[in-house]
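All chains should be built: construct the whole structure from the sequences, respecting the hints.
Going down the list, the sequences are from chains A and S.
Quick note on this note's numbering: the first sequence kicks off at 161 and runs consecutively.
Quick note on this note's numbering: the second sequence kicks off at 161 and runs consecutively.
If you're looking for bench data, these hints aren't it; they were derived computationally from the structure.
Do not take every clue at face value.
Copies of one chain are not kept apart here, so a pair can be met inside one copy or by any two copies together.
[To be verified] For lysine-lysine, the following DSSO-like pairs were computed, each having C-alpha atoms within a straight-line distance of at most 27 Å:
| id | residue 1 | residue 2 |
| --- | --- | --- |
| 1 | LYS245 | LYS326 |
| 2 | LYS211 | LYS357 |
| 3 | LYS326 | LYS174 |
| 4 | LYS313 | LYS174 |
| 5 | LYS326 | LYS211 |
| 6 | LYS299 | LYS211 |
| 7 | LYS174 | LYS211 |
| 8 | LYS342 | LYS357 |
| 9 | LYS245 | LYS211 |
| 10 | LYS185 | LYS326 |
| 11 | LYS245 | LYS174 |
| 12 | LYS250 | LYS326 |
| 13 | LYS313 | LYS357 |
| 14 | LYS342 | LYS211 |
| 15 | LYS357 | LYS200 |
Bear in mind that the values here come from a model prediction, so they are computed numbers and not experimental data.
2 protein chains.
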Amino acid sequence: MTDDTIAAGKNGRKVSQYVIRRLPKYYRFLDEIAAEGEQKISSFEMASRMKLTASQIRQDFNHFGGFGQQGYGYDVIQLRGEIGKIIGVKNQNRAVLIGAGNLGKAVAMHLGYVDSGVQLTGVFDINPDLQNIDLCGIKISLFTNENIAAFCKRERPTIALLCIPKEATQLVASTLISLGIKGFWNFSHYDISANFKDVFVEDVNLTDSLLTLAYNVNHNGDD
Amino acid sequence: MTDDTIAAGKNGRKVSQYVIRRLPKYYRFLDEIAAEGEQKISSFEMASRMKLTASQIRQDFNHFGGFGQQGYGYDVIQLRGEIGKIIGVKNQNRAVLIGAGNLGKAVAMHLGYVDSGVQLTGVFDINPDLQNIDLCGIKISLFTNENIAAFCKRERPTIALLCIPKEATQLVASTLISLGIKGFWNFSHYDISANFKDVFVEDVNLTDSLLTLAYNVNHNGDD
Chain A
161 MTDDTIAAGK NGRKVSQYVI RRLPKYYRFL DEIAAEGEQK ISSFEMASRM
211 KLTASQIRQD FNHFGGFGQQ GYGYDVIQLR GEIGKIIGVK NQNRAVLIGA
261 GNLGKAVAMH LGYVDSGVQL TGVFDINPDL QNIDLCGIKI SLFTNENIAA
311 FCKRERPTIA LLCIPKEATQ LVASTLISLG IKGFWNFSHY DISANFKDVF
361 VEDVNLTDSL LTLAYNVNHN GDD
Chain S
161 MTDDTIAAGK NGRKVSQYVI RRLPKYYRFL DEIAAEGEQK ISSFEMASRM
211 KLTASQIRQD FNHFGGFGQQ GYGYDVIQLR GEIGKIIGVK NQNRAVLIGA
261 GNLGKAVAMH LGYVDSGVQL TGVFDINPDL QNIDLCGIKI SLFTNENIAA
311 FCKRERPTIA LLCIPKEATQ LVASTLISLG IKGFWNFSHY DISANFKDVF
361 VEDVNLTDSL LTLAYNVNHN GDD
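Right under this line is the structure:
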């Protein structure tokens with residue numbers, strides 16, 4: 161899926177990926193203000209603090225049924241709960257990490273401290289030296305076709321975290337899809353979406369991000 | 161700066177951040193096809209392989225002077241060079257990494273293998289146990305106001321890579337801006353752009369990315 165594709169909201173209504181991408185921002189924001197002890201918040205205050213418009217927030221929420229009356233403000237804990245439920249932060253999605261280098265380690269640890277409903281159940285790497293080393297309480301396994309197939313049959317993961325070189329990704333992604341993987345957190349710079357349909361891919365492209373930063377720093381002050 | 165703000169292109173023409181974000185994609189694509197030995201490429205072939213439209217590619221390139229004649233195709237090496245020059249991949253931008261945990265390490269190593277014109281010159285962490293440990297050929301320094309001020313006065317970095325907790329970021333960003341930092345590669349989940357003007361911030365928000373993936377996997381097949 162790309163940024164402009166859609167997924168289903170309440171009652172099968174279509175929700176654009178732009179709206180979906182704002183759900184985690186609402187969720188984190190509500191987490192923070194709940195921690196500050198706030199109990200009610202209006203769409204105007206949310207808008208002002210999140211640099212959105214109140215109308216945009218209300219439109220976003222309407223995709224999911226609205227979450228409460230305008231004018232009275234939202235109950236912070238309840239709204240956080242509703243949005244968490246929509247994202248599925250309490251669901252049990254089993255994940256497997258492929259590639260246990262520094263980035264893989266960082267990604268695995270990140271998974272451990274975010275309440276996302278995604279649970280790491282296996283770690284694989286082609287480097288035999290990493291075998292049986294502990295990562296977030298899981299022993300790293302050697303990546304072979306046999307090992308990954310046996311693991312997927314046993315543990316039934318639906319999500320794969322790919323922290324492997326671009327060159328390796330097409331084959332690995334194809335193998336994983338045949339073993340039941342439905343979603344990828346893809347750090348590999350290989351365009352999975354362009355080549356495999358019917359899976360969801362969330363790309364994190366650090367090189368593009370770094371080069372965008374470089375451009376902007378180099379052109380800072382041009383105008 | 162946010163996605164819809166603008167920077168200056170050729171002759172002071174404004175270039176939207178959407179166009180700027182495609183530059184790294186063109187650059188990486190041209191890198192790959194140069195490696196495959198292709199010498200000429202048309203905007204139609206680029207469009208088909210990059211899932212864009214030829215007209216969008218030509219419009220993007222026109223912001224920077226066009227890069228060659230329509231119909232004859234672009235010279236791959238030359239176009240790659242021009243786009244690299246615009247991004248500034250050969251420039252010397254000095255960077256400092258704040259936070260040398262797993263994510264910081266992964267980010268530092270990534271910087272080392274991308275031709276971005278951004279060069280790591282210092283690494284700081286508040287954990288004294290990490291002091292003097294080598295990361296990518298640089299000894300980690302203890303983060304204190306005195307140490308970071310002395311470093312910035314001596315090395316004049318313009319870019320900071322922030323791999324620190326959200327709570328610490330406001331103060332650290334404010335300190336770094338006062339010491340001459342112009343751009344942030346921000347992994348901290350703190351919204352620097354909303355609070356500091358006149359700096360460029362490239363955010364990498366892993367939590368939002370993970371929660372977006374969770375939503376999409378949970379709602380896969382809703383329609």
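Quick rundown of the hints versus the structure:
Taking identical chains as interchangeable, the C-alpha atoms of LYS245 and LYS326 lie at most 27 Å apart only when they sit on different chains, with a minimum of 24 Å there against 34 Å within one chain. For the homomeric pair LYS211 and LYS357, the shortest alpha-carbon distance between copies (14 Å) is at most 27 Å, but the shortest distance inside one copy (35 Å) is not. Taking CA atoms no more than 27 Å apart as the test, LYS326 paired with LYS174 passes in neither setting, with 32 Å inside one copy and 33 Å between copies. For the homomeric pair LYS313 and LYS174, neither the shortest alpha-carbon distance inside one copy (33 Å) nor that between copies (53 Å) is at most 27 Å.
For the identical chains of this complex, LYS326 and LYS211 are inter-copy neighbours only, at 18 Å across copies versus 36 Å inside a copy, given an alpha-carbon limit of 27 Å. When the C-alpha separation of LYS299 and LYS211 is checked against a cutoff of 27 Å, the pair qualifies neither within a copy, at 43 Å, nor between copies, at 39 Å. For a Cα distance limit of 27 Å, the shortest separation of LYS174 from LYS211 qualifies both inside one copy, at 25 Å, and across copies, at 23 Å. Taking identical chains as interchangeable, the C-alpha atoms of LYS342 and LYS357 lie at most 27 Å apart only when both belong to the same chain, with a minimum of 10 Å there against 41 Å between chains.
In this assembly of identical chains, LYS245 and LYS211 lie within 27 Å of each other by CA distance solely inside one copy; the values are 24 Å within and 34 Å between copies. Proximity of LYS185 and LYS326 under a CA criterion of 27 Å is satisfied inter-copy only: 14 Å between copies versus 29 Å inside one chain copy. Proximity of LYS245 and LYS174 under a CA criterion of 27 Å is satisfied intra-copy only: 18 Å inside one chain copy versus 42 Å between copies. Taking identical chains as interchangeable, the C-alpha atoms of LYS250 and LYS326 lie at most 27 Å apart only when they sit on different chains, with a minimum of 23 Å there against 32 Å within one chain.
For the homomeric pair LYS313 and LYS357, the shortest alpha-carbon distance inside one copy (22 Å) is at most 27 Å, but the shortest distance between copies (52 Å) is not. Only between protomers do LYS342 and LYS211 lie at most 27 Å apart by alpha-carbon distance; the minimum there is 22 Å, versus 33 Å within a single protomer. For the homomeric pair LYS357 and LYS200, neither the shortest alpha-carbon distance inside one copy (42 Å) nor that between copies (30 Å) is at most 27 Å.
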